[in-house]
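**Q** Turn these sequences into a full structure, and let the hints guide you.
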Amino acid sequence: MSDDKIMALFKNGKRDKAFRELYKLFPRIEKLILSKGGTKADANDVFQEALIILNRNLEKSDFKLTSSFYTYLYSVSRFVWKDTQKQFSRQELHNLESEDVSILDAVLEEQKYQLAEHAFRKLGERCQQLLQRFYLKKMTFKAIAEVMQFKSEKVAKNQKYKCLQKVKDIYRTQVKTVQS
Amino acid sequence: MENYIDLINAYLNKTLSKAEVLSFENKLQTDSEFTAIYKEHIVVLSGIERVNLIEEISSAKQNYIRSKWLKYLGISIGIILISILAYNLIAKSQNIENSNPINNNTVEFVLDSTKTKTETEKEVSVKIISDTVSIEKVISKPKVNITSEKETIEVIYKKDDFEVENSTKNNIISFFKSVEKTPQSISLSNEEYFEITLKEGTKISIPKNAFVDEKTGKSVSGKIDIDIKEYYELSDILLANLSTKSDDELLETGGMLYIEASKNGSKLNLKPNKELGIVFNNSGKENMQLFEGEKVNDNINWVLRDKIEVNVIDELTGEIQQEAEPVAISLKSIPFSVEDMPVYSGCEKEGNECTFQKIRAHVSRKFNTDIIEELNITGQRRINTIIKFDEAGNITEVVTSNLEPLLRDEVNKVLMDLPQMIPAKKNKKAIASQLLFPIVLSNGFDEFLGVKPENATIVLNSRLGEVDNGYALNSPKLGWINCDRFVRSKKKKIKYKLKIKDSEGANVKMIFKSISSVLPSKRIDNQISFGEIPIDEDVILLAIKKKGDKLYLGIKDVTTKAVSELDLSFKEVTVDELKNELIKLNKTFN
Numbered sequence: 001m002s003d004d005k006i007m008a009l010f011k012n013g014k015r016d017k018a019f020r021e022l023y024k025l026f027p028r029i030e031k032l033i034l035s036k037g038g039t040k041a042d043a044n045d046v047f048q049e050a051l052i053i054l055n056r057n058l059e060k061s062d063f064k065l066t067s068s069f070y071t072y073l074y075s076v077s078r079f080v081w082k083d084t085q086k087q088f089s090r091q092e093l094h095n096l097e098s099e100d101v102s103i104l105d106a107v108l109e110e111q112k113y114q115l116a117e118h119a120f121r122k123l124g125e126r127c128q129q130l131l132q133r134f135y136l137k138k139m140t141f142k143a144i145a146e147v148m149q150f151k152s153e154k155v156a157k158n159q160k161y162k163c164l165q166k167v168k169d170i171y172r173t174q175v176k177t178v179q180s
Numbered sequence: 001m002e003n004y005i006d007l008i009n010a011y012l013n014k015t016l017s018k019a020e021v022l023s024f025e026n027k028l029q030t031d032s033e034f035t036a037i038y039k040e041h042i043v044v045l046s047g048i049e050r051v052n053l054i055e056e057i058s059s060a061k062q063n064y065i066r067s068k069w070l071k072y073l074g075i076s077i078g079i080i081l082i083s084i085l086a087y088n089l090i091a092k093s094q095n096i097e098n099s100n101p102i103n104n105n106t107v108e109f110v111l112d113s114t115k116t117k118t119e120t121e122k123e124v125s126v127k128i129i130s131d132t133v134s135i136e137k138v139i140s141k142p143k144v145n146i147t148s149e150k151e152t153i154e155v156i157y158k159k160d161d162f163e164v165e166n167s168t169k170n171n172i173i174s175f176f177k178s179v180e181k182t183p184q185s186i187s188l189s190n191e192e193y194f195e196i197t198l199k200e201g202t203k204i205s206i207p208k209n210a211f212v213d214e215k216t217g218k219s220v221s222g223k224i225d226i227d228i229k230e231y232y233e234l235s236d237i238l239l240a241n242l243s244t245k246s247d248d249e250l251l252e253t254g255g256m257l258y259i260e261a262s263k264n265g266s267k268l269n270l271k272p273n274k275e276l277g278i279v280f281n282n283s284g285k286e287n288m289q290l291f292e293g294e295k296v297n298d299n300i301n302w303v304l305r306d307k308i309e310v311n312v313i314d315e316l317t318g319e320i321q322q323e324a325e326p327v328a329i330s331l332k333s334i335p336f337s338v339e340d341m342p343v344y345s346g347c348e349k350e351g352n353e354c355t356f357q358k359i360r361a362h363v364s365r366k367f368n369t370d371i372i373e374e375l376n377i378t379g380q381r382r383i384n385t386i387i388k389f390d391e392a393g394n395i396t397e398v399v400t401s402n403l404e405p406l407l408r409d410e411v412n413k414v415l416m417d418l419p420q421m422i423p424a425k426k427n428k429k430a431i432a433s434q435l436l437f438p439i440v441l442s443n444g445f446d447e448f449l450g451v452k453p454e455n456a457t458i459v460l461n462s463r464l465g466e467v468d469n470g471y472a473l474n475s476p477k478l479g480w481i482n483c484d485r486f487v488r489s490k491k492k493k494i495k496y497k498l499k500i501k502d503s504e505g506a507n508v509k510m511i512f513k514s515i516s517s518v519l520p521s522k523r524i525d526n527q528i529s530f531g532e533i534p535i536d537e538d539v540i541l542l543a544i545k546k547k548g549d550k551l552y553l554g555i556k557d558v559t560t561k562a563v564s565e566l567d568l569s570f571k572e573v574t575v576d577e578l579k580n581e582l583i584k585l586n587k588t589f590n
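These protein sequence lines are chains A and B, in that order.
The numbering used here puts the first residue of the first sequence at 1, with every later residue one more than the last.
The numbering used here puts the first residue of the second sequence at 1, with every later residue one more than the last.
Careful: at least some of the hints might be erroneous.
[What the hints assert, rightly or not] Below, in silico cross-link-like pairs of lysine-lysine (DSBU-like), each with a Cα-Cα straight-line distance of 30 Å or less: (1) B/K223 <-> A/K36; (2) A/K17 <-> B/K223; (3) B/K267 <-> A/K36.
[Claimed, not checked] From the structure, some residues in chain B lie toward chain A, with a derived Cβ separation under 8 Å: (4) E2; (5) N3; (6) I5; (7) L7; (8) E40; (9) V44; (10) L45; (11) I48; (12) V51; (13) L53; (14) S59; (15) A60; (16) Y64; (17) K203; (18) G217; (19) V220.
Everything labelled a hint here was simulated from the structure, so no lab data went into it.
Each residue gets a CB set at the ideal place from its N, CA and C atoms; glycine is no exception.
**A** Shown next as structure tokens:
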């Protein structure tokens, strides 16, 4: 499938199909990671991360894909891998090309999100469901209260606020441990 | 706080009025506390989103894998169907042939020029047409079988050849095995930095937590064992059946090592980002580089470390990666910061990028690009060069690896022509330095030669050694390690092949007197071939063979020129006599 068609899938909200198409590029990325000393599991993680970053960028209005999906995913994967291996030398960072800079930026940004994801996964099941329903499914508190059997809309809202604060707390402690 | 969150949600959901949006964005710019809350909120939301995305991606992956299998399944079903059809057809056609008396209304179908078939009724004949298609398939099947049979026969032949050669070879290989050097064993703790000077003077330093189990890839802890063999003396090199060749190029060695690490008997590897520091006990030769050894049919081939990486990347992408890990190098072993690089005069204030650009401009201006066409370089080709500067900033040498002579000379000419630079400095003292400078050759119509201007071409690399106190190199790998340089000779080369009487099963090597090089030979038909070597070199031909339990040695001094046959008298020796003879040769090295 051509890049244009994959792009159209993204635009038409058929993200699952687009991802499936892009997985055809995985073997080549896997080769890259294996050649750099990674394992198959590493390759999986790296590619998943690259897809997430790609998707996030596509959702930004000011982002334009200037190369093919493959080239882009390849570069992102390379950066993700290097970053996880802490292999960047100061000189490399110093001499990045402008395109690379934006990729590296996205990789580093995504790291924060990853921490938040880990924080979120540490929440209780109910908290997780509540936040997902509100933020991702955009359900109203009324609907949430019904599905999750809260006494009232107000309780659901309160509960949501508490859950959110909890993620943030966990997230902050994680950031601290990472930085120290 | 809760109000803030509600506000942020409303903003993100775009339910605010225009005025509210304006005031919100204004607040983002002026109220830093609010901005922090907003940013954190975005991060958390993105984190929650990841959970969903990851789910979606892994289901996409499952789908992808499933569809891949379905495809295979489809193909197999197809094959099965064809087989069934073919089987039915054979059965049917036999029936038809048997049951058919000769008839006037026959219709003929020619199939594959060998088979004809007859049929009576028109309706049936229609059937045959569809059948014939299948018949062709049936016929083509035996064909496939025939070819594959041929192939197996060929393979068997090859194997026979191989075995014949091996049985005589095995003798000599078992001899080499029997005289193998005993390694120096060291025990150390994986948790601590470790440094040692070995018996023959090699210094090794091992960073802490450097090892992982080869099989599991997991870090190991506690005591680990390291076995190292050193090969500096010619006799040691010869007895280990080592040689100094990188593909078709001759290398001059500054010492070889074999390093193995283990814990409780299971093999260990170095972690990807850990390197051994090695100082070879040898000096006086410049441009020593690290080569890794691969055993190919009992001979060893040395591969330049940096080159491997470049190749791997090329293969994967089919394009030249701008990932260069190239470099400014101090001759004083420790990698130093970029501030210490040599500077193109006029770039004092502008920094390194200015120096690179000046060098690039110089190269693109002076390089004779006709060579690219002449050498038929298609697409892009990347070459690495090392420019060496002395303490005064003069260019003393240009080093390239594995280039065609024409290209090498041009690169040398152009780079040697660079003006004197402001020398590299360390602690404010001028020092000699090296610059690894990649050049990309391209036959594209507009881009000619030169390094991409934005390309970060210079990074520190510790893989080139210093000259003064032995060659200091870092190795990210265990196994066979060699510190060499390519032998660059302007001498004419000849193909050196010769016949040696009674040399069946002998291991024949060539030792160069002027350089520390040992070349292995290949036996082609009855001739011993050394490939292309420089002419008029004084060399020693050395042959060791083993017949039964007896060991024979032949040594002869010759000058390389075209010869066809050589008398080499083998004399019977004991293992100790052989060792002594080889030790006598040691003085030819260094």
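**Q** For each hint, tell me whether it holds in the structure or not.
**A** Against the structure, the hints:
Between B/K223 and A/K36 the alpha-carbon distance is near 28 Å, which keeps this suggested pair within the 30 Å criterion. Restraint check for A/K17 and B/K223: not satisfied, since their Cα atoms lie roughly 51 Å apart, outside the 30 Å limit. Distance hint between B/K267 and A/K36 is fulfilled; the C-alpha atoms sit about 20 Å from each other, no more than 30 Å. The restraint placing B/E2 at the interface with chain A holds, with a minimum CB-CB distance near 6 Å, inside the 8 Å limit.
Hint status for B/N3 relative to chain A: violated, with the closest Cβ pair at about 11 Å, above 8 Å. The interface hint given for B/I5 is met, as the beta carbon of that residue sits about 7 Å from the closest beta carbon of chain A, less than 8 Å. For the restraint placing B/L7 at the interface with chain A, the shortest Cβ-Cβ distance is roughly 13 Å, beyond the 8 Å limit, so the hint is violated. Hint status for B/E40: holds, given a least beta-carbon distance of 6 Å to chain A, under 8 Å.
Below 8 Å, beta-carbon pairs count as interface contacts, and B/V44 has one with chain A at about 5 Å; its hint therefore holds. About 6 Å separates the beta-carbon of B/L45 from the nearest beta-carbon of chain A, less than 8 Å, and the hint is met. About 5 Å separates the beta-carbon of B/I48 from the nearest beta-carbon of chain A, less than 8 Å, and the hint is met. Interface restraint check for B/V51: the shortest CB-CB distance to chain A comes to about 6 Å, inside 8 Å, so the restraint holds.
Checking B/L53 against chain A by beta carbon gives a least distance of about 5 Å; that is within 8 Å, so the hint holds. Restraint check, B/S59 versus chain A: the minimum CB separation of about 7 Å is within 8 Å; hint holds. Checking B/A60 against chain A: minimum C-beta separation of about 3 Å stays under 8 Å; hint holds. Checking B/Y64 against chain A by beta carbon gives a least distance of about 4 Å; that is within 8 Å, so the hint holds.
For the restraint placing B/K203 at the interface with chain A, the shortest Cβ-Cβ distance is roughly 25 Å, beyond the 8 Å limit, so the hint is violated. The interface hint given for B/G217 holds, since its Cβ lies 6 Å from the closest Cβ of chain A, which is under the 8 Å cut-off. Using the Cβ-Cβ criterion of 8 Å, the hint placing B/V220 at the interface with chain A is not satisfied: the shortest such distance is roughly 17 Å.
The earlier numbered hints that this structure contradicts are 2, 5, 7, 17 and 19.
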